[in-house]
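There are 6 protein chains.
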Amino acid sequence: DFLNALHEIVPAFGASTDDLRRSRLNGMVDCGDRHKHIYQRALLLVEQVKVSKGSPLVTCLLEGPSGSGKTALAATVGIDSDFPYVKIVSAETMIGLHESTKCAHIVKVFEDAYKSPLSIIILDDIERLLEYVPIGPRFSNLISQTLMVLLKRFPPEGKKLMVIGTTSELSFLDSVGICDAFSVTYHVPTLKANDAKKVLQQLNVFADEDIDSAAEALNDMPIKKLYMLIEMAAQGEAGGSAEAIYSGKEKIKIAHFYDCIQDVVRY
Amino acid sequence: DFLNALHEIVPAFGASTDDLRRSRLNGMVDCGDRHKHIYQRALLLVEQVKVSKGSPLVTCLLEGPSGSGKTALAATVGIDSDFPYVKIVSAETMIGLHESTKCAHIVKVFEDAYKSPLSIIILDDIERLLEYVPIGPRFSNLISQTLMVLLKRFPPEGKKLMVIGTTSELSFLDSVGICDAFSVTYHVPTLKANDAKKVLQQLNVFADEDIDSAAEALNDMPIKKLYMLIEMAAQGEAGGSAEAIYSGKEKIKIAHFYDCIQDVVRY
Amino acid sequence: DFLNALHEIVPAFGASTDDLRRSRLNGMVDCGDRHKHIYQRALLLVEQVKVSKGSPLVTCLLEGPSGSGKTALAATVGIDSDFPYVKIVSAETMIGLHESTKCAHIVKVFEDAYKSPLSIIILDDIERLLEYVPIGPRFSNLISQTLMVLLKRFPPEGKKLMVIGTTSELSFLDSVGICDAFSVTYHVPTLKANDAKKVLQQLNVFADEDIDSAAEALNDMPIKKLYMLIEMAAQGEAGGSAEAIYSGKEKIKIAHFYDCIQDVVRY
Amino acid sequence: DFLNALHEIVPAFGASTDDLRRSRLNGMVDCGDRHKHIYQRALLLVEQVKVSKGSPLVTCLLEGPSGSGKTALAATVGIDSDFPYVKIVSAETMIGLHESTKCAHIVKVFEDAYKSPLSIIILDDIERLLEYVPIGPRFSNLISQTLMVLLKRFPPEGKKLMVIGTTSELSFLDSVGICDAFSVTYHVPTLKANDAKKVLQQLNVFADEDIDSAAEALNDMPIKKLYMLIEMAAQGEAGGSAEAIYSGKEKIKIAHFYDCIQDVVRY
Amino acid sequence: DFLNALHEIVPAFGASTDDLRRSRLNGMVDCGDRHKHIYQRALLLVEQVKVSKGSPLVTCLLEGPSGSGKTALAATVGIDSDFPYVKIVSAETMIGLHESTKCAHIVKVFEDAYKSPLSIIILDDIERLLEYVPIGPRFSNLISQTLMVLLKRFPPEGKKLMVIGTTSELSFLDSVGICDAFSVTYHVPTLKANDAKKVLQQLNVFADEDIDSAAEALNDMPIKKLYMLIEMAAQGEAGGSAEAIYSGKEKIKIAHFYDCIQDVVRY
Amino acid sequence: DFLNALHEIVPAFGASTDDLRRSRLNGMVDCGDRHKHIYQRALLLVEQVKVSKGSPLVTCLLEGPSGSGKTALAATVGIDSDFPYVKIVSAETMIGLHESTKCAHIVKVFEDAYKSPLSIIILDDIERLLEYVPIGPRFSNLISQTLMVLLKRFPPEGKKLMVIGTTSELSFLDSVGICDAFSVTYHVPTLKANDAKKVLQQLNVFADEDIDSAAEALNDMPIKKLYMLIEMAAQGEAGGSAEAIYSGKEKIKIAHFYDCIQDVVRY
Ligand SMILES: Nc1ncnc2c1ncn2[C@@H]1O[C@H](COP(=O)(O)OP(=O)(O)OP(=O)(O)O)[C@@H](O)[C@H]1O
Ligand SMILES: Nc1ncnc2c1ncn2[C@@H]1O[C@H](COP(=O)(O)OP(=O)(O)OP(=O)(O)O)[C@@H](O)[C@H]1O
Ligand SMILES: Nc1ncnc2c1ncn2[C@@H]1O[C@H](COP(=O)(O)OP(=O)(O)OP(=O)(O)O)[C@@H](O)[C@H]1O
Ligand SMILES: Nc1ncnc2c1ncn2[C@@H]1O[C@H](COP(=O)(O)OP(=O)(O)OP(=O)(O)O)[C@@H](O)[C@H]1O
Ligand SMILES: Nc1ncnc2c1ncn2[C@@H]1O[C@H](COP(=O)(O)OP(=O)(O)OP(=O)(O)O)[C@@H](O)[C@H]1O
Ligand SMILES: Nc1ncnc2c1ncn2[C@@H]1O[C@H](COP(=O)(O)OP(=O)(O)OP(=O)(O)O)[C@@H](O)[C@H]1O
Ligand SMILES: [Mg+2]
Ligand SMILES: [Mg+2]
Ligand SMILES: [Mg+2]
Ligand SMILES: [Mg+2]
Ligand SMILES: [Mg+2]
Ligand SMILES: [Mg+2]
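Residue numbers (the working numbering), protein chains in the order written: chain A, 1 to 267; chain B, 268 to 534; chain C, 535 to 801; chain D, 802 to 1068; chain E, 1069 to 1335; chain F, 1336 to 1602.
Hints were generated in silico from the structure; no laboratory data involved.
Incorrect hints may have been included.
As the list claims (entries may be wrong) - In silico SDA-like links for lysine to any residue, alpha-carbon gap of 25 Å or less:
1) D:K1052 x C:L591
2) A:K224 x E:G1122
3) A:K50 x B:R420
4) F:K1450 x E:D1086
5) B:K491 x A:L44
6) C:K642 x B:R420
7) F:K1588 x D:P857
With these hints in hand, go ahead and build the complete structure from the sequences.
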């Protein structure tokens, strides 16, 4: 069966997967059907690039609220493909560079990919690559023009390339015209109460009688924030209780958990 | 008869047609009357440039939605003319260059053309050449001024030049004033259901009883997106079925085809 | 009689008229009273500059829709004057130059003119000299300031200068304040049906019974577009008929002529 | 009597008055009470600078429509003062310079003035010095800041300075805050019919019976435009009559005069 | 007990706390429950960073009106943590530097922190770091992009980092998107009358019968302004009384105190 | 008594007071209670800086209409303090400099002040230091950021600094956020009729019976404009009477005085 199980991670031969792994600090757990569906579809596109003759270039955008799991998902697809060249392009490695240098860096990644028969490039947090800020709005048109051309330029004959983009600013990308440059777009959502419950069960830090109310309080929370929240609550009101909770000796007090939600959620 | 059949491609003597051919990755099929009409009219303009004394410069704009076939059409006209100098100017070969360098590059292509008795220059995706982005809007005024002058400047005595532009941002070009600089403008449309049906018949990937519903679902789709969609659907729901379908052993499942449309079309 | 006949072209001694002649690719035909009137008035200004003591500088603006014949008119006045220095300043010869270089070039033309007792400078397509684009709007303020000063600066004692500007963006020039810098302004119009008829009679490419309907269809067309249209129609529906028509053996088919109008006119 | 008669021009010792004289190409005629009043007041300010201890710096702005006689007036005050340093600062001598160079030039003129016991600086056409254009609006803030400081900075002890500015863009200067930097402001108006009549009588180019109607037609015309109009009309309808008119042998035909007004006035 | 008493200051081993101490010019007094609560929560986050495995990076924003005590609070948390690397990033040490130099400086502080197992970085007055001004608004997008990336980038494996930001321009930070980059946000308020009373009691500069009215008049005042006001009032109406008041010999006159409030508060 | 009489000027030891004195060209007269009150309060702040331990930095803004006496007041406070370092920062000495040079200059003045135990810095006409112009509005954000940091940065331990700013653009400073950076703000008003009367009595240029009407006409006039107006009126209608008036032999004619007001006041 072509589709691997969701949390089994098969490292690709020849591809440096360190960066990719680092993008999934809290591992990959089952957090609901939508996340699973996107993963499966993305892997079908991977196959299409590999076998089809008319698709030397396939581009796919993962969009959704901040912390919803886009980068972890993209990294997992990259890892689970058996492509020899998998590369993540992120603003983290280009801090403070001039836009033209960033631009050259991005082009270089594509040029390298063109040398490999099968490649995946992850454009992580495209709004950050574009130095986007909503006031104005301002952004690097140099980089946005470059991306729009790269997202449509075919690799040389015989080479195949998949590009996965991630963003939490869909409407900005749309207004720039970058969305249209992607063939396919998937929305990565926050967790619903029952998705959150699944995650909490796997984490096992709540008493059984609290797990439903906790999950309910987590309704509509992005998965990344959920992890931060659990960590905060695990310290306990007066500090010092984290070890006991992670080792299973104690459970998180639901009242303190509610308190922590106040600090994290902005109204 | 001066007009060649639509999908017969006669390479021009002395003109490098590699770039042009690469622009038609999925070949040229019959996809309806409007595309055919535009092709014929464009060839008449080619003849006018060749024979007329008062028209040393003819300029023609192909505009239409993204993926409607503009570049492929322009490339085909370029190939089917028997002009010794046919050149495509595209943002792909100028990624990351400064606007003044791009400008110089474009001027160079025109200067070269002026040396040939008969030339065609394709300005592909003019909005991209202008580094256009709708926010602001921003674009290179240097390049837009250059194009406006080049589109009106006569070649030296005895030389003839045809310029074909393509764009999917007509109203932007209009507001810049570039549209007025073209003598003629043709609208390249998306496919209607019956146009799509013609294409599907030629591709032969659907069961006979599904072809009408498939074509109906493709109503108003640009031809480029149609090809991408067929490729996606051909993988099958669980992957792996592409070869069987292209070899004719299997047909695309219409239900899965509908699914794929969801991923590709944005509402 | 001081006023020369409209289409007789008398080259001036000592002035290079090559550029000027090239601006009238389709020659000068009688195309109605307004064009003739403007020509005569412009020649009166030429005389005023020559004989008057209080007018060492006279400036005149020809404005009107794109293709209405402004440049050809200005060039004709320049040729028909007997002034030793007649120069056309056009964006065509300054493509891609930096605004400060263009500015220097323009100033140089004026400085040269100041050395001749009698000079005419044609500032062709002022909006293009200013790198104007309606979006924004943007334009070179450096060049516009330069023009505003040059249009008011008297030549040195004993020297006389006439400046003729052309533009199809009157309201822009007005909002910049350049219009006020010209002493006189003339509007160069499109052709009315009866003006067009005059031109068609001189071209002799329609059957007698078609000439009125053809002229009617050309109502409100600029003269430059009229010429392009005739060339297109002369190819015939299937190409190849141009020679027969220009040699008078055949006439343009009125139905095909209507078709061509569709391609050229934008609604 | 301190106040000189209006059109007597007494050159100042030691001051180069060539530039100043060139600013009054058509001489100074009596053109109504307002012009005379402004001239007298300006001369009183000249005296104030000279004799008062508390006014080492007096600044005065002449504002009014284009061509109303501001520059000629300012130049006349400069000439009629007996100040050793009288200098006109104009955009004409700074064409194409960078704003910082212009700025340095202006500062230099003030520094020079500070060395003379009594000085007059004419800042001619301040909006042009500021490179003002209404679109945007745009202008040089560097120069405008410089002027605002210079207009308030006292000369060194024992030195006296009068600054006369001219502008036809009062509301712009006002919005920049430059108006407030001037101590006194005078409005220089267009001519009323009876002012125009005075001028026409002195020029003597109309038949007696036409002079009133001509003056009426000139109501609200700036004096500079009046001179241009007379020159145009003096050529006659068919050219060639200028000499006869200026020598008094012929008079301007009133009908042709009305025609010329049409060309000059914009509605 | 993990939580230290509020005003006891325990200097950290190895961390330079001079800058931090200088940020608390008026010491730390008990000024109400909210300030105390924030301090305690911040110390819990300090502990979380130290013990948790899933939280190598915790970010916390202190926002509130100008002078409400944000910087003093952040500095106190830094001092009271036992972290070897505690650094304050402030605009004061980067006056007049180009934004790219500031950017490099900030990055350097983070890179240094990444070398220490446990670090705290205080980004003081983020709007000033961003060179924010409400008109426009304008700000350094280079620095804001840099902060957004740094606030999300994990330190290298095995290293832990806490970032504390302060700002009095929450809505600006929000519109830039920097707020979302912080995991937790606390609002630092002005003082209520009863909070102010606590502070006044500790300062002991009012007569007992005046202390309630004085506290009432200080309702809604930021703590920093309160200190300035007391100093002003302590001079007395005619000057010279400060020493007597601070030594306890005299008390501040309540009427003069009300007067001083008028000067300090803007309506 | 700590407070010196208003118009007695006691030069400070060691401080260069030439610049300061030059700022009070017309001396200091009694012009009403508000001016006196501000002067006294400012001197109290001077004392506070000197004696208080918690106030190493006190900042005070004088704002009011153009010409209301702000600079003269600030200079007088500087002179009347006995501080060893008193410095005025004015746009006059930085004409035409680049904003970064100005910025460096301002920082230098502060750095110098930090070396003196007691210092006063006058930031004169802050809007001019910021190169402010209402159109746009435009101003130097570099300088405004620098001022905002300098106005809050404490001098090194043991040093004391008072900063006095002046401005006639309060609402601009407010919108930039510079007002909030000052601890105290005083409004310096125009003169009321009875304030003006006091000044006129001291000047003694009107007949006794005219002084009340003259004062009435001066209601709401800034003191600087009052001085200019008296000088103008003192020339007399036909010039030449200034000496007689200042020597007391003649008085200003009230009718001519009213005339002069027309020239100076803009409606
Ligand atoms: N099934 C899952 N899918 C995605 N992420 C998961 C899943 N299970 C656990 N995670 C964890 O959730 C976190 C998701 O964070 P991630 O950085 O991918 O979100 P994001 O949407 O990219 O956030 P941002 O908008 O800030 O870029 C990761 O730490 C990851 O390890
Ligand atoms: N008759 C046809 N006309 C045009 N294109 C055709 C035709 N038949 C097949 N095609 C294929 O359809 C595709 C059209 O894509 P093309 O790049 O020309 O579209 P486009 O309008 O230029 O798109 P974009 O807006 O992205 O530039 C090409 O792959 C081409 O091979
Ligand atoms: N009487 C005429 N007046 C003007 N042009 C004429 C006349 N007769 C023939 N023509 C031809 O008409 C054309 C006018 O084009 P021209 O370039 O002068 O127009 P334009 O108004 O300058 O156009 P644009 O707005 O594009 O600059 C020329 O080819 C000229 O030879
Ligand atoms: N009494 C007068 N006052 C002013 N100008 C006069 C007078 N009599 C004659 N003139 C003539 O009128 C003309 C006035 O033109 P001038 O350039 O001074 O106007 P302006 O207001 O400065 O115009 P612009 O707005 O273009 O700068 C000059 O040629 C001058 O010789
Ligand atoms: N409990 C307290 N919390 C905070 N500050 C206190 C406390 N007690 C006394 N202070 C004093 O109050 C002042 C608070 O000023 P601080 O600079 O921290 O305010 P801020 O909010 O950072 O101001 P700004 O908005 O100007 O940056 C300091 O001088 C500090 O010494
Ligand atoms: N009591 C007084 N207070 C202030 N100025 C006085 C006083 N008495 C006389 N003057 C004179 O009034 C004038 C005030 O002008 P000053 O330059 O101080 O005003 P300003 O408000 O700074 O003006 P601007 O807004 O142009 O900077 C000075 O010439 C000063 O000598
Ligand atoms: Mg991400
Ligand atoms: Mg294309
Ligand atoms: Mg033209
Ligand atoms: Mg003038
Ligand atoms: Mg602070
Ligand atoms: Mg001042």
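Structure-based check of each hint:
no., hint, result
1, D:K1052 x C:L591, "holds (24 Å)"
2, A:K224 x E:G1122, "holds (11 Å)"
3, A:K50 x B:R420, "violated (48 Å)"
4, F:K1450 x E:D1086, "holds (20 Å)"
5, B:K491 x A:L44, "holds (20 Å)"
6, C:K642 x B:R420, "holds (23 Å)"
7, F:K1588 x D:P857, "holds (23 Å)"
In this structure, only the earlier hint numbered 3 is contradicted, and the remaining ones agree with it.
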